[in-house]
Structure formats: structure tokens, C-alpha cells
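Novice: Each chain, letter by letter, is given below.
There are 2 protein chains.
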Amino acid sequence: MAYATGTLDNTLHERIPMEKEILKLLRHAEGAYVSGQAMSHTFGVSRSAVWKSVASLRKMGFRIGSCANRGYRFEAAPERIVGLDIEADLDTRIIGQSVVSFDSVPSTIDVAGSLASEGCAEGTVIVAESQTGGRGRLGRKWSSPSGCGVWASIVLRPAMPPRDVPKLTLLTAVAVAKVLSEQYTFDARIKWPNDVTVNGRKICGALTELVAEQDAVRHVIASFGLNVNQTPSMFPAEVAAIATSMRIEKGEQFDRPEVFRRVLREFDTQYVHFKQHGSGNVLKQWRDLSCTLGRHVRVQMREGYVEGIARDLDDDGSLIVEEKDGSLRPVSHGDVTIVR
Amino acid sequence: MAYATGTLDNTLHERIPMEKEILKLLRHAEGAYVSGQAMSHTFGVSRSAVWKSVASLRKMGFRIGSCANRGYRFEAAPERIVGLDIEADLDTRIIGQSVVSFDSVPSTIDVAGSLASEGCAEGTVIVAESQTGGRGRLGRKWSSPSGCGVWASIVLRPAMPPRDVPKLTLLTAVAVAKVLSEQYTFDARIKWPNDVTVNGRKICGALTELVAEQDAVRHVIASFGLNVNQTPSMFPAEVAAIATSMRIEKGEQFDRPEVFRRVLREFDTQYVHFKQHGSGNVLKQWRDLSCTLGRHVRVQMREGYVEGIARDLDDDGSLIVEEKDGSLRPVSHGDVTIVR
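In order, the protein sequences belong to chains A and B.
Counted from 1, the first sequence has number 206 at position 206 by the working numbering; the numbering is strictly sequential.
Counted from 1, the second sequence has number 158 at position 158 by the working numbering; the numbering is strictly sequential.
Don't read these hints as lab results, they were simulated from the structure.
Ideal Cβ positions, reconstructed from N, Cα and C, are used throughout, including at glycine.
Treat the hints with care, since some could be wrong.
[Said to hold, decoys possible] No farther apart than 20 Å at their CA atoms in a straight line, the calculated lysine to any residue pairs in the SDA-like style are these:
id, chain 1, residue 1, chain 2, residue 2
1, B, K141, A, R218
2, A, K250, A, D268
3, A, K141, A, P158
4, A, K202, A, E303
5, B, K275, A, K59
6, A, K250, A, T231
7, B, K141, B, I242
8, A, K275, B, G304
9, B, K141, A, A216
10, B, K275, A, E303
11, A, K275, B, M301
12, A, K275, B, I242
13, A, K275, B, I94
14, A, K141, B, V306
15, A, K59, A, H41
16, B, K275, B, I94
[To be verified] Far from chain B by the CB rule (all over 12 Å, computed), these chain A residues:
id, residue
17, A159
18, V165
19, Y184
20, R295
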């Protein structure tokens, strides 16, 4: 598969088939030199083909050292997120066999939707350094400045009715929250249905879109926007008080490609389990990570609001709210405010 | 709005803005002559513009008589379904303000999906004389030979979560079954979830497709294929034993444009009520028209089957099946066979 790095405006970089394999090999050598001759032998290509691939990788921003008689060695990956760099160090089963990266797109969701309609493989990932028209739920804007976050969409093709798709929103939030909690020691919590928060501020939003027949999903685009290296002044005024980033919370910058890889690996683990064993595990983890359950909430819906204690998550992803009169009301959509 | 009649292959007929108004006026005169001068006056256009519109209507297949000193009169509409002819005699609130007709398309669903993505108005209708790749549920083929049926798709933009979309499948089946029962005296029955049957044979299939966020539908394409004038030999061998048409059941041919108009009017009535008052009315009518409720059924699903007595329709459109052990099981998708 020939995929692309670069901006969307016809400056797409066309991959040389060998690049990914050579990158894997050099990464695997952990800084040791690998001879051009050995690579040419391993892959059954000419030394000139090896040289071309290395040149191409350097052009993408990889630092690859070379030394006469010793060969090439991996020194550093680009700071920005490059599809090939993610793919080459992922080791997943479904997610990210192809990672298509862009400098800038209107929205990764739309690119993923187009690729999905054209029949791309399940697990194809779209990621962009910046989005010019990043979207949140219900058509709201999502700030996605260049080089600060992970703005990504994943194409899924689950065999399920449309009613089950909210479970994949929960799965996405669980994957991000788990990585933040377990691999980066944040106290990450999930706010129903799709926000990951740290210290009460939103650090990540998740969003799923679907194309379906009435009883069978054709594809789902699971998207998330994770704030990594923003400083406070980088947020638009209207969200500055409620948003945060990994950097703001810890006072240090993070390696975005590595954060992204970890989220994709966790997503893959969760999704493979989900496909094989159903949603029980996702729902359980969601409940454990929730900052909504047990709280007095007000859920604003299209047709009014529901207020009460958030008691549980229903099997279909609905929030079960116990109203004042003691009745239990499942809420399938809306915006939650914690009342007290 | 400039819409199209003709085949899809770039021979689209471009409408003259005045055609629809002139057609309405002539139809309204019920065979009486209307002078060109009067029309030119009414619409504030030149007599040459009136003449051009009449010529264009004739080219589309309308029979319009003319007589020196008396003017023009409506004699007959084309036998085939022409968008303009449907629009001009509809009087609906949401459905069919624009009816886009084609001689042949791969699938009206796909054309409607494209127009919906491009932002067409709610209620836009796509209809084709024949489909080369007509689809049924779950990607199955749907036979749609030229000039025999009504193959149509309607673009809807309801404010609802994806889980409620099956109700629109029920609404579509109800609209068709009601027209067949009440206006054409068929004993039309609905087989869960989306078939209309007469004497146990399928006369119409309904299908909804959707594009949505996890909690908000962006658009729904409600489609139906109604067998009108097929003879038995026109059905593919694999469905000949289970399919029927209006003509087969009554031994006479039917006016397809008129059948189509009646279905669109009924759909409009049902949909306007649905938007204002919810799905209660649709569910009630569905139950009244059902040939599934009360029967011993077997529902084949992706993940196995459920067998028992079909007891009721759930509020979300699921079929509630009472299993042998007395437990009630809601089934959201699958194929129903009546066991006995």
C-alpha cells in the first residue's frame, strides 16, 4: 500500500516500498550500525535501492547516520508524527497497519470517511499535525493547533447494529484514559460520554461517526483529539478555563509519536478483546475510570434535560440517571454538567 | 433548483424554471385550454418563454395539445415516472419538494446519499425507472427492471440518535402498506422489519441507511422498492416463488406515477406526524398491519437465531420474541421466517 506523508495539497510523499522495512531494521538495531550490504542482502534489493530508501527517510525527517565501511544507524525520529514512523514500531493486530499522516487537513474524520467509503482496510489510521476544521461532537469546533496534540481517526468495520456504536466511543475514551493513567501516571477520568479529564479539565475528546444500514454498520470512524504539548495560552479563550494538556499538568513536554503509539497499541488490545468477547470489559473499565458515576448531574439533551444522580452505565452505553422521584432514566445523548 | 430527468450518463435534462409552474397550471385546468397570453401574463414572462417550456415538457413525454386562438391543454403525462410530473401534483409539506428522476442509476440509495452529503433539502426524492445495482438489506441484490416498479429513496434529516432510525424503516413500510390497503384495496401486511406482503408474498421492501455521529443522525436515506407492473416471468428465479406485484395480484396494470404520488403523500403525512408527536402512531399502525405478531417465528441473526412467538414490537422497533422458556427477548435485526 502506498500511503502518504506531507500536506494534503498535492505534495504527498510517495513511499518507496522498502522504507518501512529498513526503518524497522534500523530501529531494531538500537543505534548500532547496519551495513548497506547486509540490508541489500536481507531484502534482496540493490545497494542503490537501500541508499534511496535511506535518503527518502532522511527527507521525511529521520536522522540516520552513515559511516563508510560500517553502514547506517538510526539516530532519531522526527518530532512530528510521521505515519511510517508510527507503523514501523507498533506491533498491533488490527489498528495501524496503515497510518496515513498529513501536515494539515480540514478534519481527519472526513479523510478517514472518504478512505473508508473507498474500501480501505479496517484499522487504517489518519493523523494530522494540524486540522483547519477539527470537529467535536454535534458539529462543534475542536482546536487542533500544529504540533501540539494527537488528532487522529481510526477506520473500524465491526459487525454490529448502529445502536451498539456508542460502545466504541466508550472504548476510545477508555484506551486514552488507560494510557494516561497507567503509562504516564495522570489521574485520568472519563466524563460521560466521551471526554477524558485530568484534575477536572478536559484533556481529550473522543467522537465516533458511522455509516450504516438500519441493522448493520458499514464502517465507524473512531476519532480522538489528545492535548499533549499545549501551553495555556494556546487554547481558544472559550475553552481555556476547562481544557488542559499533558504538558500543562506535568510541566514538561512529551514525545507525541510515542504517546500516539501507546494509545494505538492500547486501542488495538481493547478492540481485539471487544471483537472476541463483547463489550463487558470496556464497560467495566469505563465504570472504574468514570468521574460521572455517583455524582449529581444535569444532562442537557436536545429535547430538554434530566437531573439526578448518575447511577450506572447501561449495557448500550447510556447513562442511567436516578431522578428525584427515584425513577431510573437511561440517557443516550447529551452534555453532562456535574451539579455538586 | 435545477434538477434532472434522463439517464445518469451526462444526458441530464436541464429544467427551464417555468416548466413546473406551467405544468401545474395546465394540470389544474383539467383538460381545458389555457391561452399562452394568459400564462405569459400570469408568470410575467414572454410568450416565447411559455412556448419553450411547453416544448420542453413535450420532450419529456407530456402530451400537451395546442390550438390556435385557444392556447394549450394538458392531455396526458408520460407513463414513466418524471420528477417534474410528481412534484407538480403532490401538495406535501416535507417530502418531494424536489423529485429527481433518472432513467437508470446503479442505485437510488447512492445518488440520494451523495446529494444528502452535498446538503440537499430534507425530503428530496430520488427515483429511477431502473436500477442496475439495486440493493436490499445487508447488501443483497434487489431486482428493479425498467418501467415495472417504483424504486425510490428519500433524504431525511431527523433530529434523533442513530438508535431510533429503525423507526423510520417501520414508517416507510407503514406508508406503503397503508396506501396499498386503503387506496388500492390490497390486503397488505408488514413482515418484520421491512417487507410489505400481499397474500404472503413480498410486494415491497424498505431499507434505511444512515450517516451519524454517535448521538445525532446527520441524514437518513429511506428507500423502498414497490413491485407494480411485473408479470411473474419478470422476477429472477430465486425470488419468483416469494415475490409478487400489484399487477399479478389484481390482473391489471397500474399507473406508476400515481402510485408513487400516493405513497409520497402518505409518507409525508406519517413523517410530519412523527416529527411533531413521536413514533407512537407509527408503532400502532405497524402493529395493526403486521403479519408477524402472534406467529411462531424463527429470526436468523448474525450471531445465531431466536425462535418463539413474536409477541410485540418494542418502542425502538425491535421484535419481542417469547422463547420456549417464557423469556421475552428483543431482537433488533435479522431475517424472520414464519415457522407455523
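Novice: For each hint, tell me whether it holds in the structure or not.
Specialist: Here is how each hint holds up against the structure:
1. B:K141 x A:R218: 16 Å, holds
2. A:K250 x A:D268: The given pair, whose Cα atoms are some 27 Å apart, is violated under the 20 Å limit.
3. A:K141 x A:P158: Violated: K141 of chain A and P158 of chain A sit about 28 Å apart, past 20 Å.
4. A:K202 x A:E303: Given that 20 Å is the threshold and the Cα spacing comes to 25 Å, the pair is violated.
5. B:K275 x A:K59: With Cα atoms ~56 Å apart, K275 of chain B and K59 of chain A exceed 20 Å; violated.
6. A:K250 x A:T231: Roughly 11 Å separates the two Cα atoms, so the pair holds.
7. B:K141 x B:I242: Measuring from Cα to Cα gives roughly 15 Å; hence the hint holds.
8. A:K275 x B:G304: OK: K275 of chain A and G304 of chain B at ~16 Å, within 20 Å.
9. B:K141 x A:A216: It holds: about 16 Å lies between the C-alpha atoms, which stays within 20 Å.
10. B:K275 x A:E303: 12 Å, holds
11. A:K275 x B:M301: 17 Å, holds
12. A:K275 x B:I242: Given that 20 Å is the threshold and the Cα spacing comes to 36 Å, the pair is violated.
13. A:K275 x B:I94: With Cα atoms ~41 Å apart, K275 of chain A and I94 of chain B exceed 20 Å; violated.
14. A:K141 x B:V306: 44 Å, violated
15. A:K59 x A:H41: Violated, at roughly 24 Å.
16. B:K275 x B:I94: Given pair K275 of chain B, I94 of chain B holds - Cα atoms ~11 Å apart, limit 20 Å.
17. A159: Not fine: 6 Å to the nearest Cβ puts A159 of chain A too close to chain B.
18. V165: Not fine: 6 Å to the nearest Cβ puts V165 of chain A too close to chain B.
19. Y184: Y184 of chain A clear of chain B: closest Cβ-Cβ about 26 Å, beyond 12 Å.
20. R295: 20 Å, holds
Going down the numbered hints, you'll see the structure goes against 2, 3, 4, 5, 12, 13, 14, 15, 17 and 18, while the others check out.
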